[in-house]
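A.B. asks: So the chains spell out like this:
Number of protein chains: 2
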Amino acid sequence: MCAFEGLSKEQLIERKQQVQSAYDQYKSQGLKLDMSRGKPCSEQLDLSADLFKDTNNLFSADGTDCRNYGLLDGIREAKALFAEVFGLSEDELFIGGNSSLNLMYDLVSKAFIHGLNGFEKPWCKLDKVKFLCPAPGYDRHFAITELFGVEMIIIPMTKEGPDMDKVEELVAQDESIKGIWCVPKYSNPTGITYSDTVVKRLAFMKTKAPDFRIIWDNAYAFHHLYDTPDTLLDIFSECRKAGNPDRVYMFSSTSKVTFSGAGLAIMASSKENIAHIKKQIAIQTIGHDKINMLLHVRFLKNAQNLEQHMKKHAQILRPKFEAVTEILEKNLKGKGIASWNKPNGGYFISLDVLEGCAKRTVQLAKEAGVTLTPAGATFPYGKDPQDSNIRIAPTYPPMDELKKAIEILTLCVELAALEKVLA
Amino acid sequence: MCAFEGLSKEQLIERKQQVQSAYDQYKSQGLKLDMSRGKPCSEQLDLSADLFKDTNNLFSADGTDCRNYGLLDGIREAKALFAEVFGLSEDELFIGGNSSLNLMYDLVSKAFIHGLNGFEKPWCKLDKVKFLCPAPGYDRHFAITELFGVEMIIIPMTKEGPDMDKVEELVAQDESIKGIWCVPKYSNPTGITYSDTVVKRLAFMKTKAPDFRIIWDNAYAFHHLYDTPDTLLDIFSECRKAGNPDRVYMFSSTSKVTFSGAGLAIMASSKENIAHIKKQIAIQTIGHDKINMLLHVRFLKNAQNLEQHMKKHAQILRPKFEAVTEILEKNLKGKGIASWNKPNGGYFISLDVLEGCAKRTVQLAKEAGVTLTPAGATFPYGKDPQDSNIRIAPTYPPMDELKKAIEILTLCVELAALEKVLA
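Sequences listed follow chains A and S, in order. Residues in the first sequence are numbered consecutively from 15, following our numbering. Residues in the second sequence are numbered consecutively from 15, following our numbering.
If we strip away everything but chain A, and leave its shape as in the complex, we get:
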């Protein structure tokens, strides 16, 4: 990017005055707009109102009383539903509680304390554990590995997924690199879906660590915005072909399908991995909420019906995403101070501003009443080495608030850029 190409210093100063004045006008309005997290909006949550329609009979198809204890890995029909959706077998699945984040935390925790299937020893016994972190990425992933004292290595994100040349080079030579965080579909926040080549290379690559694991957070598996969705290669079958059947743990949830606070989380992996971790989980809990599983399956029914349900979400979200990109184009295009993606699905738009300007932009927005995800949050340790990435979460605010917030954001982007070039 070449910022404000063709503008003289005088023109830049004049432009800064204009932008500042427009910004000040918004600031004086005392707005309170929250764009910080990728939460569904009310209308989306209303789509699942019928989930509680039939609660008279709480027995599952095989006669299990879902009100009582039992069934560590979930009820049969919930496993059947997700087996169909993801093309897995039921013994490759574990149905959890309301939080796939919690399942991922637990996986890392177990990898550290007790070890997972195929580990020689738990990671806590090692001097050093490193993780590859494609970034910008999901802040809550990085928070988990940070908590466990993992050294996080940034991997640049390309349009096809993580930079695989870098990934392959690192994992081949460093035995302490034990894993990689991936959001392979409609990636958080860049919106890209990993290409077939990237998925194959992740499955086939040689790793110095025999216990290298991929945490495959398929959070947006069904979260398309358009009728021509991205497709993601099945990493499990690639891993089997590659002779690395135990490499991947996949996670997903219905948090953005039904209710974000009260959905179902799932974990999928090889039969051997699931059988192994089930023994560990058996010490931890007697099982997760089976009533919620039953109500979910009755409501979502099957893969086809789930797809139809997700189209209703898309109808609500598409105009919001398009409103954001329209305002970005209208206000920022051609100025050489910002770039962004137009995702085919997922929950975010990733905005890259002039290097060194993300923090300042977010601060300006904050002062004008627009709360964004903190700048840097999309990088390990909350530190964006370029200080340029901002995550936009368009889903939650009502349309009028969203548009106003993005208008303000674009002013902040330009103001921060002008401050920089005039400094």
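FYI, nobody ran anything at the bench for these hints, they're computed from the structure. Hints may contain errors.
Identical chains share a label here; the pair holds if one copy fits it or two copies do between them.
Okay, derived cross-link-like pairs now, SDA-like style, lysine to any residue, Cα gap no bigger than 25 Å in a straight line [what the hints assert, rightly or not]:
#  : residue 1 : residue 2
1  : Lys-292   : Glu-340
2  : Lys-293   : Met-166
3  : Lys-434   : Glu-182
4  : Lys-325   : Asn-70
5  : Lys-373   : Ile-297
6  : Lys-124   : Ala-296
7  : Lys-144   : Glu-340
8  : Lys-222   : Ala-296
9  : Lys-46    : Leu-86
10 : Lys-142   : Gly-163
11 : Lys-139   : Glu-160
12 : Lys-142   : Gly-129
13 : Lys-418   : Ser-50
Since the structure of chain A is provided, determine the placement of chain S on it from the hints.
C.D. replies: Just chain S, lined up with the frame of chain A:
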């Protein structure tokens, strides 16, 4: 106990033939009776059918949309309910998912990996960690500490709770003793409630380890069988008086109030402990199922209503407990081969058979189609040093099955005892 006092060898042989013949008759019936776990029965679960009655409005009193993300420690009214029930303030409470066991596992896990409030370092950095395990006790507690490699020390249970002379002696001299598992009310399985003196001594005792912690599993807090319930001294106020405000983490749940598979779990501790662990939990999850919290509060309403609800449970359970003790009395009293308790609440009857006979008794029962909790399960490492304790769980089976199972059990107790004295 003096077994079969006054009987000659001939009389014992004759008696053995009689018992064996009665046992064989049952055995030939091919029965399948499961008495292994403390699960509520269908009629108890039916008591909470109205929990799902009103699902139209899923907003909490303060306007929180319980369908969406947020509120790490639970909705306000759920905290208010349990604050009332346990005489706590809301900032001493954390509302979890469906499993208090999972909260306890997480506590131990965090104590090991990251450390809890007031720890100098996490327990995983120590060469040795020991726990006191009043036994007979809850097998799932011991399984957690076993998984984390904790050395477990058996503390005998008295009629007032753990043998406090032994507890005080050990904790005063051994810094590696970091905790104790307690089920203070209607203890699993002995049914006793800790006396005021025991609670005070636990709160006031000097521990060599500054990070000694009590895991206070108040699982049966409201689970009375009679109108004159046991009372348990509030350990939190005793700990504050003693200057040990951070010593106790209490757990409880509605698993045996509403639905065992889909209730609410709670953790309570000092404000400082809760504030500290909330920061750790924030990395793990965005929060637990708030819809279920809301529905629970609407259904349970307040402490008084909860008490009324628990009386309905007692009406179902009392006859079952009494049937068990009646059969035990009828068939075993005065023989010097068994003793048992008549609990005022909780979920279990604890049966002590002749030393060295518990395993054999459970095996005999199994062969006759009656599945009991494995002998030894109530002790650390599954090893009962006397091989004498058997846990009876009378709640789940229908009355006729329960009676038949206990008739068979008493035959097995006598047969095992006769085998022993005649060996």
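A.B. asks: Each of the hints needs a verdict: does it hold here or not?
C.D. replies: Okay, the hints, checked on the actual structure:
1. Neither within a single protomer nor between protomers do Lys-292 and Glu-340 lie at most 25 Å apart by alpha-carbon distance, with minima of 48 Å and 40 Å respectively.
2. Taking identical chains as interchangeable, the C-alpha atoms of Lys-293 and Met-166 lie at most 25 Å apart only when they sit on different chains, with a minimum of 21 Å there against 29 Å within one chain.
3. Neither within a single protomer nor between protomers do Lys-434 and Glu-182 lie at most 25 Å apart by alpha-carbon distance, with minima of 37 Å and 67 Å respectively.
4. Only between protomers do Lys-325 and Asn-70 lie at most 25 Å apart by alpha-carbon distance; the minimum there is 24 Å, versus 29 Å within a single protomer.
5. In the homo-oligomer, the alpha carbons of Lys-373 and Ile-297 lie at most 25 Å apart only across protomers (23 Å), although the nearest pairing inside one protomer, at 44 Å, exceeds that limit.
6. In the homo-oligomer, the alpha carbons of Lys-124 and Ala-296 lie at most 25 Å apart both inside one protomer (13 Å) and across protomers (18 Å), since each shortest distance falls under that limit.
7. In the homo-oligomer, the alpha carbons of Lys-144 and Glu-340 never lie at most 25 Å apart, since the shortest distance is 40 Å inside one protomer and 62 Å across protomers.
8. Proximity of Lys-222 and Ala-296 under a CA criterion of 25 Å is satisfied in neither setting, with 32 Å inside one chain copy and 33 Å between copies.
9. Taking the shortest Cα distances, Lys-46 and Leu-86 sit within 25 Å of each other only across copies (22 Å), while inside one copy they are farther apart (44 Å).
10. Proximity of Lys-142 and Gly-163 under a CA criterion of 25 Å is satisfied in both settings, with 9 Å inside one chain copy and 22 Å between copies.
11. Both within a single protomer and between protomers do Lys-139 and Glu-160 lie at most 25 Å apart by alpha-carbon distance, with minima of 17 Å and 18 Å respectively.
12. For a Cα distance limit of 25 Å, the shortest separation of Lys-142 from Gly-129 qualifies both inside one copy, at 15 Å, and across copies, at 19 Å.
13. For a Cα distance limit of 25 Å, the shortest separation of Lys-418 from Ser-50 inside one copy, 15 Å, qualifies, whereas the shortest one across copies, 62 Å, does not.
The structure does not agree with the numbered hints 1, 3, 7, 8 stated previously, though it agrees with the rest.
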